[in-house]
Amino acid sequence: MKPTLSHSLLAAGIAAALSLPFSAATAEPVRQPQVLVTASRHAQNADEALASVTVLTREDIEASQAPDLITLLSRQAGVDVARTGGPGSASTLFLRGSNANHTLVLIDGIRVNSTGQGVFDFAHLPLDQIERIELVRGPRAALWGSDAIGGVLHIFTRDPAATSVRLRGGRYGRAEGSATLGQRGERGGFGLTAGYGRLRGFSATNEDSFSFDPDDDGYRNRNLSLRGDVALGSQRLGFHALATDADVEFDRGETAARNASGGLTLGGELGAGWSHQLSLGHAREDLDTPAFGSRFESRRHNADWVNSFVLGHGVLNAGLNWQHESGLSLSQFSGVVIDRVRTTRAGFLGYAGRAGAQDFEAALRHDDNSQFGGATTGNAAWGWRFADDLRLRLSWGQGFRAPNFNELYHPGFGGGLFAGNPALQPERSRSIEAGLDWTPGDGQRLGLSAYRSRVRDLISFSGTNFQAINIARAEIDGAELEYGLTRGGWRFDGSLTWQDPVNADTGQRLLRRAARKANASLGHRFDGGIDLALDGQFVSDREDVGGGLPGYALAHLRLGWELAPAWRLEARIENLFDRDYTVVRGYNTPGRNLMVTLGWQPVQR
1 MKPTLSHSLL AAGIAAALSL PFSAATAEPV RQPQVLVTAS RHAQNADEAL
51 ASVTVLTRED IEASQAPDLI TLLSRQAGVD VARTGGPGSA STLFLRGSNA
101 NHTLVLIDGI RVNSTGQGVF DFAHLPLDQI ERIELVRGPR AALWGSDAIG
151 GVLHIFTRDP AATSVRLRGG RYGRAEGSAT LGQRGERGGF GLTAGYGRLR
201 GFSATNEDSF SFDPDDDGYR NRNLSLRGDV ALGSQRLGFH ALATDADVEF
251 DRGETAARNA SGGLTLGGEL GAGWSHQLSL GHAREDLDTP AFGSRFESRR
301 HNADWVNSFV LGHGVLNAGL NWQHESGLSL SQFSGVVIDR VRTTRAGFLG
351 YAGRAGAQDF EAALRHDDNS QFGGATTGNA AWGWRFADDL RLRLSWGQGF
401 RAPNFNELYH PGFGGGLFAG NPALQPERSR SIEAGLDWTP GDGQRLGLSA
451 YRSRVRDLIS FSGTNFQAIN IARAEIDGAE LEYGLTRGGW RFDGSLTWQD
501 PVNADTGQRL LRRAARKANA SLGHRFDGGI DLALDGQFVS DREDVGGGLP
551 GYALAHLRLG WELAPAWRLE ARIENLFDRD YTVVRGYNTP GRNLMVTLGW
601 QPVQR
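Residue 204 in UniProt numbering sits at position 204 of the sequence shown, with consecutive numbering throughout.
Note that these hints are calculated values from the structure, not bench results. C-beta: ideal position from N, C-alpha, C; glycine also. One should not assume that every hint holds.
[What the hints assert, rightly or not] Just the calculated beta-carbon pair ranges, DEER-fashion:
(1) D505 <-> R299: 34 to 40 Å
(2) L569 <-> L224: 24 to 30 Å
(3) R222 <-> Q332: 26 to 32 Å
(4) S370 <-> Q332: 26 to 32 Å
(5) D215 <-> L392: 53 to 59 Å
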């Protein structure tokens, strides 16, 4: 398929957006700035962050009508995704051309990357369990530690303030439902969200896969989250917990995937200009595939104490972190057994301040890991608001990734092939970025960023036995353009991504990462509470195992209708023109499909 359709979709969307009425009489109420905490580890408006950030609220998530989390993320600037089949199949992302294990994923502040592979599988976390997503592009190791080379993705579970019910059905035997019960008073609140879903699915593999089986591969997911908080004088005590229980069919086998995370927080004011938050957390992942005789367990325990001090026109953050990791991997087929633990202790300092029209940030962190030793990382950023609505920003940052347990301790196959290496050192990176932000306050916003990243000591399986060694290097250059406009009942959002992620040793483009991406959405709200929107998506050609993959362009149509003050009906046609496309060689993607959602949420009085 020729990729020119995407250019037509994007051009048409931009042209329509720029032709919207610009008179004050049709102006929409300006959306309030979104508050985020991930970019600097203290609360700040998103448009004040000296980084490229995306904030997706609960309102944004519901308006997108995306069928799952990985689909929603695939439509953000700087994000490539890979999914091996249909619903429930392994789903990972590549942020700014970096590897899948170069993005730190947090759920309510808890690190959830697997200790075995180093990645987070996005397949099993339903969107109905998510209140907000903060995506920070660019290195953040000086604040968050290992894995934050490409950036940080922070997911927050549902807020206890609202009560709602959502029912959903569609093609491929989709039947899903969720309910949120919440109550908030003067001293605190409590909420619960429970969900269930099942899909008949479609065949995960095709003829290009060595394990091709044309049967439908189904999926079931049960999920539950709890969240609450209570005021204790000047302090606030909170708790949160999330659990998902999924069964994934894959050709002749089935995998049971159990994931859970939870924690306690205590925070508040300790003195004039001094606030803190103490957090205790736990995350676990269990994968069991009886057909292959394999079982994997990942455990993380962590404690964080972050203190914030208001100093003049800035905020000083000081934090301590302790983390204990364990991993267990069993395979009856290969006889592989991995059972390992390690501990990390870390401390960091960060300062964010303002002087007139200039903003500046700096942070320094040291991690002491019981396996490889120490790693020190830093970052610095400067911004200049040279006009009321224009800001220039420059930043520099370092990142690192600690080797995962498979890379360190896997005994290998058949005499040591693909064996791990306990002497591995962390992968390390340096990045620079320049950005321009335009926020005129009339419903428009524009962001332009250009970056360069260099990653060294990449872990690769090389030599006669393909043992894991620190040998490879990567060079990634890129740019992102984002534009949004809300005016007269219309809304347009679009982004363009250019990137050149290459293996510096071979000159080859890194696998499954596109050189160009485009996303566009144009919607209008009509009288009678009816919303109609068209989404377009373009992904250029990519390299994959076994050769190149062609680019593709997709269109999606969505409709929303306020049936009554508490009732809403939604319908989405995914892949409107029923295009055949490939994300990962050997694995199928969904054809045209309709998804209908009925939602109920009582009107707040």
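Consistency of the hints with the structure:
no.: 1; hint: D505 <-> R299: 34 to 40 Å; verdict: 35 Å, holds
no.: 2; hint: L569 <-> L224: 24 to 30 Å; verdict: 26 Å, holds
no.: 3; hint: R222 <-> Q332: 26 to 32 Å; verdict: 27 Å, holds
no.: 4; hint: S370 <-> Q332: 26 to 32 Å; verdict: 30 Å, holds
no.: 5; hint: D215 <-> L392: 53 to 59 Å; verdict: 56 Å, holds
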